[in-house]
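Quick note, the sequences are listed as chains A and B, same order.
With this note's numbering as the guide, the letters of the first sequence map in order to residues 1 to 281.
With this note's numbering as the guide, the letters of the second sequence map in order to residues 1001 to 1281.
Any given hint might turn out to be false.
[As the list claims (entries may be wrong)] Selected chain A positions facing chain B (in silico; Cβ < 7 Å):
| hint | residue |
| --- | --- |
| 1 | Pro100 |
| 2 | Gly104 |
| 3 | Thr106 |
| 4 | Met107 |
| 5 | Ser108 |
| 6 | Thr133 |
| 7 | Ile138 |
| 8 | Ser186 |
| 9 | Asn188 |
| 10 | Val189 |
| 11 | Val230 |
| 12 | Gln233 |
Derived from the structure by calculation, the hints contain no laboratory data.
Cβ coordinates follow ideal geometry from the N, Cα and C atoms, glycine included.
Number of protein chains: 2
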Amino acid sequence: MEVIHTISDMKRFVTDSQAAQKTIGFVPTMGYLHEGHVSLIDHAKEENDTVVVSVFVNPLQFNDPNDLDAYPKSTQRDTEICAARGVDVLFMPTVSDMYPKDMGMTMSLTKRMGVLCDRTRPGHFGGVLTVLTKLFHIIEPTQVYFGLKDAQQVAVVDLLIDNLNFPTILRPIPTVREPDGLAKSSRNVNLSEQERQEAPLIYRALSEAKVMMEQGERDQQVILSHVQSVIDQSHHAEIDYIELLSYPQLEALPTLKGQVILACAVKFERARLIDNVLVDL
Amino acid sequence: MEVIHTISDMKRFVTDSQAAQKTIGFVPTMGYLHEGHVSLIDHAKEENDTVVVSVFVNPLQFNDPNDLDAYPKSTQRDTEICAARGVDVLFMPTVSDMYPKDMGMTMSLTKRMGVLCDRTRPGHFGGVLTVLTKLFHIIEPTQVYFGLKDAQQVAVVDLLIDNLNFPTILRPIPTVREPDGLAKSSRNVNLSEQERQEAPLIYRALSEAKVMMEQGERDQQVILSHVQSVIDQSHHAEIDYIELLSYPQLEALPTLKGQVILACAVKFERARLIDNVLVDL
């Protein structure tokens, strides 16, 4: 595996791959890799000649500088994981290479916003657009891989690629879960033992609601109330939001039909967890 | 020459060119081609295996709908010119293919704005960013060609490519002029006979000021006044702006040094003309 630290070296690798007519599967990450990322890598490996994983903690998508500073890093472990899964290039650019000066332009979203995680992270997804546009231009991927746990991020990338005609294919990959249903996340290590025991209630609530919809329930209040009542069995969980929206448009639904997302965010003492289910009605 | 009307057909052509390892030179235009465009095409032809010219009047960059409706069209003549110059593909997408629905995002500039033509056309260059991003993604050009007569547009494209790491090379091409110095422009046909006789004063004024700078003049007021006094010899010209800025940054200069642009816009009864000179100090 090649570890590349500069944009110019990365571009050289891409030019060579293109000359050799090789497809590139790209997995953008902020590092601290877990089994969710490994699943993205494995899919990319299976579906492309070459796999590039980027590890870059993008300052543009953090509204809170403390949050940026506290973001966990594990460069050695990330490198080992990528090497073990057969990644061809681990791309770890520096902030000064990615943002050598103040940007002279901004990208911002007017749709798929004002709901879910955008409520509490204003500006976050604009920063995501910008860094992905840069990375897509540097790596020129045939296919890009994102986990559906961050369903709003997938919706935003879908809009970015579609609106701007990016020559790449979005591959959303299903959420990887613990045996008890809890979605894999770097943040799970911050749960206390008691919280960890209660956290699977989140997915249980979403799954039960999904079954209700599949069996014909169309009253959104009934569905949302059921999710809330199941999660409320936890003594430590504090619900941030539970929302039922069209997907990937993320718009409120007068009547439940088409593809919908049921998503929630739940706060524990030192971890805020998100999860969702997609239902085709 | 192939005339392509849909994005999907254009993408197919690009994929085939890439498979054949051919470089693509791209000349984006709004049609109504004149000798300035022909010069861009000729440069592209000389420097690439394949030349693509787009003709698309981009609604996003017009702040005045009347201006958009009045924009001149000459599809047959454009087609003949492109065919005669050896263009490989003339790409003429429809508005509904380029903008099938309201965009869900915006791109806007924070630098290189508030000066020159941005003063009177707010939002114009944001629309330029968006359409070029789309066209660059559809055509994936090795090199893109823009005329230096629209020096602010060149500066904006330079910033776009640089900020977002586009895998393409910007080729700014010198302004093509009439024998008497007047910059070629589609708008010149709207000059009256008398105005046409006076219009070369614009380039004469800029050229004389350039010589003054090259000979050591550094007093910006003296330089700007000279340009004004020469253009004021015209009875019909009304000066919109005369500006002296760094290039391509387009920032005011405390002292004249480095690469500078001296640019002006002049209004006649039915035509607003722009022109500029670049000086390396």
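Tested hints:
Residue-level restraint check for Pro100 (chain A) is violated (minimum Cβ-Cβ distance to chain B is 9 Å; threshold 7 Å). Evaluation of the Gly104 (chain A) hint against chain B yields a held restraint, the C-beta minimum of about 3 Å falling below 7 Å. Because the smallest distance between the Cβ of Thr106 (chain A) and any Cβ of chain B comes to about 6 Å, under 7 Å, the interface hint for this residue holds. The criterion of a C-beta within 7 Å of any C-beta in chain B is met by Met107 (chain A), whose closest approach is roughly 5 Å, and the hint holds.
At its closest, the beta carbon of Ser108 (chain A) sits 6 Å from a beta carbon of chain B; the interface hint therefore holds under the 7 Å criterion. Taken as an interface hint, Thr133 (chain A) checks out: its beta carbon lies about 5 Å from the nearest beta carbon of chain B, inside 7 Å. Hint on Ile138 (chain A) holds. Least Cβ distance to chain B is approximately 5 Å, under the 7 Å limit. Given the 7 Å rule on beta carbons, the hint for Ser186 (chain A) is violated: about 27 Å separates it from the nearest Cβ of chain B.
Interface restraint check for Asn188 (chain A): the shortest CB-CB distance to chain B comes to about 32 Å, outside 7 Å, so the restraint is violated. A cut of 7 Å between beta carbons decides the hint on Val189 (chain A): the least distance to chain B is about 34 Å, and the hint is violated. Annotation: interface hint on Val230 (chain A) violated; nearest CB of chain B at approximately 33 Å, more than 7 Å. A cut of 7 Å between beta carbons decides the hint on Gln233 (chain A): the least distance to chain B is about 38 Å, and the hint is violated.
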